[in-house]
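Colleague: One letter stands for each residue in the lines below.
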Amino acid sequence: MSALLEVEDLRVTFPTPTGPFEAVRGVSFSLGRERLGIVGESGSGKSLTGRAVIGLLPPNARLSARRLAFDGVDLLGADARMLRRLRGRRMSLVLQDPKYSLNPVLRIGEQIAEAVRLHRGGSAREARRRALGMLEAVRIRDPERAMRLYPHEVSGGMGQRIMIAMMLAPEPDLLIADEPTSALDVTVQMQVLAILDNLVAKRGMGLIFISHDLDLVASFCDRVLVMYGGRVMEECRARELASARHPYTRGLLDSLPRIDRPRELLPTLSRDPAWLDPA
Amino acid sequence: MIRVEDLEVTFGAGRDAVRAVRGVSFAVAPGESFGLVGESGSGKSTVLRVLAGLNTRYRGVAEIGGIAAGRGDRRLPRLVQMVFQDPYGSLHPRHTVDRALSEPLEIHGIGDANARVARALEEVGLGPAFRFRYPNQLSGGQRQRVAIARALMLEPKVLLLDEPTSALDVSVQAEILNLLKRLRASHRLTILLVSHNLAVIAHMCDRLAVMNRGAIVEEMDSEALRRAAPREPYTRQLLLASRGYDRAVAAGLVTYD
Ligand SMILES: Nc1ncnc2c1ncn2[C@@H]1O[C@H](COP(=O)(O)OP(=O)(O)OP(=O)(O)O)[C@@H](O)[C@H]1O
Ligand SMILES: Nc1ncnc2c1ncn2[C@@H]1O[C@H](COP(=O)(O)OP(=O)(O)OP(=O)(O)O)[C@@H](O)[C@H]1O
Ligand SMILES: [Mg+2]
Ligand SMILES: [Mg+2]
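Protein chains in written order, with the working numbering: chain A, 1 to 279; chain B, 280 to 536.
Hints were generated in silico from the structure; no laboratory data involved.
Note that the structure is predicted; figures quoted are calculated from it, not measured.
Certain hints may be false.
Okay, the calculated beta carbon distance ranges per label pair [claimed, not checked]:
| no. | chain 1 | residue 1 | chain 2 | residue 2 | range |
| --- | --- | --- | --- | --- | --- |
| 1 | B | 464 | A | 276 | 33 to 39 angstroms |
| 2 | A | 73 | B | 500 | 54 to 60 angstroms |
| 3 | B | 382 | A | 72 | 55 to 61 angstroms |
| 4 | A | 263 | B | 408 | 29 to 35 angstroms |
| 5 | A | 118 | B | 534 | 29 to 35 angstroms |
| 6 | A | 237 | B | 534 | 31 to 37 angstroms |
| 7 | A | 118 | B | 531 | 32 to 38 angstroms |
| 8 | B | 531 | A | 120 | 30 to 36 angstroms |
All residues carry an ideal CB built from backbone N, CA and C; glycine is no exception.
Full structure from sequences and hints, please.
Modeller: Here you go:
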């Protein structure tokens, strides 16, 4: 089986007054119809890696890679029309912060229905019906009411679920979800993850799940990439994350408060410059 | 120090009216740290916003140090301050750290701004080098430190924290939680903390209340949470879900009304 996504030596660089800054430095991985987690500290390049794949980098970013291919199609060589088609219909990105991705002056219902119509056509009524169904699927209570609200009137967790519903509208083959559940309570989080889990298991969707929550990734994903300073420090099976060896991964794991292990203060990470030496 | 009794908040009218907070009551003693957890949309942020004076349309009692919140009493800002989840949204993008920190002093006519700003920065572990930076020149954790420093400028007795670390990575979260513990001890702060992370609540708080659909389901001490001994099925389900993803658990989740 060929991989859904192939990434080889991905680099993302920004120009700065003091010379180019390489935010992603040679990341390689492949993704099948599975759940791949990306963890790592803030600024380690997780979001940029996801954005590079989907083609949504900031305008001043420069991308290079030895290979970047989706379902066998070379994304580096493809023409603009092809890319738009792939990115609109077959790959989707759920952004880290719903506040910046929802239009503040449009009611929630109009926004989702719009997304549905864009991808599937059909009548306004049909789109509305589908939009309602999608809000139900992400466990929004009283979806009828939610449809009539403006973005500033929904709670943090509702906004995040609305985003997920919108990004699943086109039934993508690849979903990149960037901290999609950080504002959700744990039960709703679990229900939303079950939806994604189902799409992977039943429809064969590929999922890249970016998160700070190491325990969640360990329990939810199949494999994990641990990123630091734009590089992959370690790759392991998700179930084995808790026994990871790399001192960076260990440091991240240790800094988590745990219900069953009370401590007065939490250890914080001490970074070793040697981690960034080329292997 | 904090007294909330039969608090009611309703948003909207007619068919879209929603009782976001339904008869919530709890009390937090001086120097105590109290947690609020519960379902998304259950009214946690709304309770905090009422106490911070940001939501003045409420019924019932919401008092800090015996003063009713949101009723125009000018002593309140010096008694209670709030820190929001989003370190990006809570600071003005075109104001330097220096301006963000000195503004509350100006508004309340407090002198000695220069020394106070320097001390506040030091207290949250940011050196003088950060003083004239803009928010976009700070990392998420640094911004949250600035937001905490700003909340502390008026030397409040009560700190309201709404998901202060959920946008941060785990190592920065550890730094911020350590900082809050230190400040709580040195300033004898009373803390009200909202978080979805039960481990964070157990780590930081003496007691907690669990909310669902605008109401408090149960109140307990963190020790009971540690022993996994909540009384209510809703809380037991919350605890179960916090142990990580499990397909069978997900399929068995029920909705409590
Ligand atoms: N538009 C930009 N211009 C310059 N540098 C940028 C830009 N966007 C991101 N960076 C830098 O690239 C690096 C990686 O950023 P990225 O957003 O991928 O981090 P992340 O791992 O997603 O972090 P977080 O967990 O905080 O979301 C950071 O050092 C960041 O400051
Ligand atoms: N300005 C507003 N107008 C209308 N409804 C609102 C407004 N603010 C909040 N609500 C509603 O009040 C309810 C409670 O919202 P609140 O933000 O307090 O929840 P929360 O417990 O903090 O949730 P989360 O964990 O998702 O942040 C929600 O149903 C929300 O839609
Ligand atoms: Mg990111
Ligand atoms: Mg909230």
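Colleague: Now tell me, hint by hint, if it's right for this structure.
Modeller: Status of each hint after checking the structure:
1. Under the hint 33 to 39 angstroms, the C-beta atoms of residue 464(B) and residue 276(A), about 37 angstroms apart, fit the expected range.
2. Distance hint check for residue 73(A) and residue 500(B): the Cβ-Cβ separation is about 57 angstroms, which falls inside the suggested range of 54 to 60 angstroms.
3. For the hinted restraint 55 to 61 angstroms between residue 382(B) and residue 72(A), the CB-CB distance of approximately 56 angstroms keeps it satisfied.
4. Between residue 263(A) and residue 408(B) the beta carbons are some 31 angstroms apart, a value that agrees with the proposed interval 29 to 35 angstroms.
5. At roughly 32 angstroms, the beta-carbon separation of residue 118(A) and residue 534(B) lies within the given 29 to 35 angstroms, and the hint holds.
6. Between residue 237(A) and residue 534(B) the CB atoms are about 34 angstroms apart, so this pair conforms to the stated range of 31 to 37 angstroms.
7. Checked against the hint of 32 to 38 angstroms, the C-beta distance between residue 118(A) and residue 531(B) comes to roughly 36 angstroms, which is consistent with it.
8. In this structure the hint that residue 531(B) and residue 120(A) lie 30 to 36 angstroms apart at CB holds, the actual value being about 33 angstroms.
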